[in-house]
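Just need the whole structure built from these sequences, with the hints factored in.
All residue numbers for the sequence shown refer to our numbering, where the first residue is -15 and numbers rise by one.
To be clear, the hints were calculated from the coordinates, so they are not data collected in a lab.
Fair warning: this is a prediction, and the values are worked out from it, not measured in the lab.
Just so it is clear, CB atoms sit at the ideal spot from N, CA and C, and this is done for glycine as well.
Please note that the accuracy of each hint is not assured.
Said to hold, decoys possible - Derived BS3-like pairs (lysine-lysine); straight-line CA-CA distance at most 25 Å: (1) -11 <-> 0; (2) 13 <-> -11; (3) 13 <-> 0.
Claimed, not checked - Computed Cβ-Cβ distance ranges for the label pairs, DEER-style: (4) 26 <-> -1: 16 to 24 Å; (5) 44 <-> 0: 28 to 36 Å; (6) 23 <-> -2: 13 to 21 Å; (7) -1 <-> 44: 28 to 36 Å; (8) 43 <-> 8: 16 to 24 Å; (9) 0 <-> 39: 18 to 26 Å; (10) -2 <-> 43: 24 to 32 Å; (11) 8 <-> -13: 30 to 38 Å.
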Amino acid sequence: MARLKVTQVRSAIGRKQNQRHSLRSLGLKRINDVVVKEDRPEIRGMIFAVNHLVSVEEVE
-15 MARLKVTQVR SAIGRKQNQR HSLRSLGLKR INDVVVKEDR PEIRGMIFAV NHLVSVEEVE
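Structural data, given as structure tokens:
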């Protein structure tokens, strides 16, 4: 199964509550935090909610 490397590149300060919750659910706490997650619809939905705050790469 594919995996996604998610990096937080912008701050969550001043963002909506659901966006802050999505970042925390992904495991991101601060700028430059990196997590590797399975490529699933739930994860894609959370990434879509905060796509302006994160960068995403596919990893093997």
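Hints versus structure:
{"no.": "1", "hint": "-11 <-> 0", "in the structure": "23 Å, holds"}
{"no.": "2", "hint": "13 <-> -11", "in the structure": "15 Å, holds"}
{"no.": "3", "hint": "13 <-> 0", "in the structure": "15 Å, holds"}
{"no.": "4", "hint": "26 <-> -1: 16 to 24 Å", "in the structure": "20 Å, holds"}
{"no.": "5", "hint": "44 <-> 0: 28 to 36 Å", "in the structure": "34 Å, holds"}
{"no.": "6", "hint": "23 <-> -2: 13 to 21 Å", "in the structure": "29 Å, violated"}
{"no.": "7", "hint": "-1 <-> 44: 28 to 36 Å", "in the structure": "31 Å, holds"}
{"no.": "8", "hint": "43 <-> 8: 16 to 24 Å", "in the structure": "22 Å, holds"}
{"no.": "9", "hint": "0 <-> 39: 18 to 26 Å", "in the structure": "20 Å, holds"}
{"no.": "10", "hint": "-2 <-> 43: 24 to 32 Å", "in the structure": "30 Å, holds"}
{"no.": "11", "hint": "8 <-> -13: 30 to 38 Å", "in the structure": "20 Å, violated"}
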